[in-house]
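A.B. asks: Chains as they are written, first to last, in the working numbering: chain A, 1 to 215; chain B, 216 to 514.
Just to be clear, a hint being listed does not mean it is correct.
Here's a subset of chain B near chain A, in silico, CB distances under 10 Å, partners left out [claimed, not checked]: (1) E313; (2) E314; (3) E421; (4) A428.
EDC-like, lysine to aspartate or glutamate: derived pairs with alpha carbons at most 20 Å apart [claimed, not checked]: (5) A:K46 <-> B:E421; (6) A:K89 <-> A:E131; (7) A:K132 <-> B:D225; (8) A:K132 <-> A:E98; (9) A:K53 <-> B:D430; (10) A:K124 <-> A:E98; (11) A:K89 <-> B:E359; (12) A:K68 <-> A:E24; (13) A:K53 <-> B:E421; (14) A:K46 <-> A:D20.
If you anchor each label on the Cβ, the simulated ranges turn out as follows [what the hints assert, rightly or not]: (15) B:L454 <-> A:E182: 54 to 60 Å; (16) B:R217 <-> A:K132: 24 to 30 Å; (17) B:R417 <-> A:P12: 30 to 36 Å; (18) A:H167 <-> B:S457: 58 to 64 Å; (19) B:A403 <-> A:E182: 51 to 57 Å; (20) B:G484 <-> A:E98: 40 to 46 Å; (21) B:L511 <-> A:T58: 25 to 31 Å.
Keep in mind the hints are simulated off the structure, nothing from the lab. Virtual Cβ for every residue (Gly too), placed ideally from N, Cα, C.
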Amino acid sequence: MIRFDRVSKRFPPGLDALSDISFEVAEHEMALVCGHSGAGKSTLLKLIAAVEKPSGGTLSIGGQNLGKLPRSALPFLRRRIGLVFQDQKLLFDRTAFENVMLPLSIVGFPRREAAQRVRAALDKVGLGSREKALPVMLSGGEQQRLAIARAVVNRPSLLLADEPTAHLDTETAADVARIFHEFHQVGVTILIATYATELFPAARRLQLDHGRLLP
Amino acid sequence: MRTWFGHHQDAALLALRRLAAAPVGSLLSLLAIGIALTLPAGGQMLLANALRLAGTTSAVPQISVFMAANAERQAATEIGARLGQTTGVRQLQFIPREETLTRMKAGAGLREVIEALPANPFPDAFVVGVADESPAAMERLAVEFRQWRGVEHVQLDSDWLRRLDALLKLGRTAVMLLAALLGTGLIAISFGIIRMQVLTHRAEIEVSRLLGATDGFIRRPFLYFGVLLGLGGGIVAWLLVSAGTLWLRIPLAELAKLYEITLALQTLGARDSVLLLGCAASLGWLGAFISVRQHLQQY
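Kindly generate the complete structure, drawing on both the sequences and the hints.
C.D. replies: Right, dumping it as structure tokens:
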């Protein structure tokens with residue numbers, strides 16, 4: 001599903017965020033990207049989501065070499081990936097329902113079916129009764145669950161999450177982790193950048209240290 | 216096709232919501248655009264009225280042929296027959312000298328002067344309507360008539376029409392220049408407002424990109440916003456011109472009456488109104504397109 005072959009990422013003026021990274025994540029697998037702050041976890045996820053371009057090496061998603069992908073094809077790649085950001089990136093002037101509806105509007109889903117999907121996604125993360133709430137009216141844990149609902153409403157084959165349990169209390173973090181496990185059980189490939197490895201005991205770990213992947 | 220239509224519907228509704236989200240700011244923007252458009256629209260309205268006035272007041276261009284004052288009626292009859300046979304003459308009206316005298320006596324302040332004269336000073340005359348009303352063709356005929364024995368004077372009645380036509384042409388050019396200038400202003404206003412919109416919705420643009428939105432999807436609400444701005448400004452301009460027309464109608468009619476002209480000032484016609492709204496919407500779209508194209512690259 002995901003294949004890194006000697007991938008590196010250098011930011012100007014010469015800061016190596018990732019160096020010579022090679023690994024594979026198989027379809028339906030759940031893997032964790034671990035490491036200290038500044039190890040390169042977020043950069044690695046950004047490369048997969050094609051937010052950043054590799055400075056060297058080959059990165060493939062589902063057999064597609066991202067380096068050779070034209071700019072016009074990027075939106076269609078991203079529609080196959082669910083993204084959960086560390087800062088959630090919710091739209092604060094839209095309701096929970098409208099936030100989750102956004103990915104479906106982008107792909108032009110028929111309205112009625114889209115509304116059903118949005119409600120199902122909100123139910124799945126336990127926000128079925130909060131669809132009319134603005135994000136500012138939700139707690140930190142609820143906002144994180146809303147971000148997860150938005151990431152999965154499109155039924156992506158790959159789910160990327162950057163520190164999804166950061167800033168959450170133990171109970172809420174466990175709740176969020178349970179949601180990821182449920183998606184994994186239905187066959188979604190999941191890659192999570194996290195410190196909280198204890199929440200995902202069965203997942204494979206990819207340990208980063210100063211931009212290098214430890215064996 | 217349904218998806219495409221749905222995207223456009225969503226984008227238009229979103230643009231409307233954004234416009235309504237800041238009512239005071241939107242209203243002021245619409246007023247600024249509307250006032251800028253009022254000048255060329257008002258100019259066009261005045262021009263259309265002037266054209267209508269010229270159309271109703273002017274007779275068809277004619278040539279007046281005057282006989283010598285002492286010419287016999289027989290000579291006038293011969294000239295009349297000759298005029299009737301001339302190629303290019305479409306219509307012919309004979310005005311006997313007696314009729315002219317009666318008309319002049321009826322005119323204000325001239326009766327006493329004319330009655331004091333020992334004899335009728337007016338000549339027999341012909342009013343000639345022509346098939347080809349171009350100035351060159353009329354001039355050719357006038358030159359020919361002047362050479363005829365018994366004809367004292369030939370007058371082209373198209374001169375003032377040519378002057379009016381030149382004035383109207385000048386007016387039309389001025390309106391076009393104003394429209395071009397203020398149309399560019401509208402593009403600039405739309406550009407600036409959309410730039411602010413892009414900045415305001417930066418987060419939404421970034422998120423949409425990450426969720427797989429194409430450039431077209433992101434651009435669309437901003438383009439609709441530009442169209443709505445232009446269209447709204449066009450409606451404001453139309454309302455201002457219409458209000459101005461109503462306001463000026465009575466005083467202008469009274470002024471025209473003093474010159475014995477019937478003038479009912481009319482507001483922009485259907486064609487001009489559609490043109491105004493269409494151009495305003497298109498210019499709003501153009502400003503938005505340039506702005507979005509330039510600023511979206513940053514996100």
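A.B. asks: A separate judgement is required for each hint: does it hold in the structure or not?
C.D. replies: Outcome of the hint check:
no. : hint                          : in the structure
1   : E313                          : 86 Å, violated
2   : E314                          : 81 Å, violated
3   : E421                          : 7 Å, holds
4   : A428                          : 5 Å, holds
5   : A:K46 <-> B:E421              : 13 Å, holds
6   : A:K89 <-> A:E131              : 17 Å, holds
7   : A:K132 <-> B:D225             : 19 Å, holds
8   : A:K132 <-> A:E98              : 8 Å, holds
9   : A:K53 <-> B:D430              : 19 Å, holds
10  : A:K124 <-> A:E98              : 16 Å, holds
11  : A:K89 <-> B:E359              : 88 Å, violated
12  : A:K68 <-> A:E24               : 19 Å, holds
13  : A:K53 <-> B:E421              : 17 Å, holds
14  : A:K46 <-> A:D20               : 16 Å, holds
15  : B:L454 <-> A:E182: 54 to 60 Å : 59 Å, holds
16  : B:R217 <-> A:K132: 24 to 30 Å : 27 Å, holds
17  : B:R417 <-> A:P12: 30 to 36 Å  : 23 Å, violated
18  : A:H167 <-> B:S457: 58 to 64 Å : 59 Å, holds
19  : B:A403 <-> A:E182: 51 to 57 Å : 54 Å, holds
20  : B:G484 <-> A:E98: 40 to 46 Å  : 44 Å, holds
21  : B:L511 <-> A:T58: 25 to 31 Å  : 29 Å, holds
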